[in-house]
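Participant: Chain by chain, the residues:
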Amino acid sequence: DSGVTQTPKHLITATGQRVTLRCSPRSGDLSVYWYQQSLDQGLQFLIQYYNGEERAKGNILERFSAQQFPDLHSELNLSSLELGDSALYFCASSVGQAANSPLHFGNGTRLTVT
Amino acid sequence: GDSVTQMEGPVTLSEEACLTINCTYTATGYPSLFWYVQYPGEGLQLLLKATKADDKGSNKGFEATYRKETTSFHLEKGSVQVSDSAVYFCALRLNTGANSKLTFGKGITLSVRP
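Line order of the protein sequences matches chains A and B. The first sequence lines up with residues 1 to 114 when you count with the working numbering. The second sequence lines up with residues 1 to 114 when you count with the working numbering.
Be aware that a few hints might be false.
[Claimed, not checked] Pairs of lysine-lysine, PhoX-like flavour, derived with a Cα cap of 25 Å:
#, chain 1, residue 1, chain 2, residue 2
1, B, LYS68, B, LYS56
2, B, LYS68, B, LYS52
3, B, LYS56, A, LYS9
4, B, LYS60, B, LYS106
5, B, LYS56, A, LYS57
6, B, LYS106, B, LYS77
Calculated from the structure, these hints are not laboratory results.
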């Protein structure tokens, strides 16, 4: 058990809809990262937060947004969903931003857009 | 940009065979290197890490040595088991302040036959 909790585990929704994915980081971890895993694109970094502030953006679409709350949990909002958004979405956390500190991953939310 | 290249897969081995999974990297700074493993239906788990040149990470019989001169971090195991069947990801992490994400290779699927 990594200590990172993601909910829900599975989400099935229709095109054009909006969903929210939730992540609770490990106790004490201030950094939260979101990744998208798809068969053709592999693991793609979406966005990072550190202690409530956005720190880095990767290949995140404008239809997607995220935030980190004062209690350090994070939410990833996906809107105007398309079939191609179907993927596994992972949240990861780390104590800080030092390179030698590993990221700890949750079990992911599998999103299916029909 | 920073990147990780893994050998093409999938790889199928018989139980007790030797395993080598190649990984090379390109980085603008001095990264820390990681191997993560993803078992079916689960999230990514840290397998091992190395944070400086010539460091050897090891865990569960797996080893990898940080080779700065060849920019490589190959994963090895002397005798694989059926339970090692999973997807293996090589990754790097830089400490550049605003950009501390993990950059992953494409991953390689290992199947071990009894």
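Participant: Of the hints stated earlier, which fail here?
Facilitator: The structure conflicts with hints 3 and 5, although it agrees with all the remaining ones.
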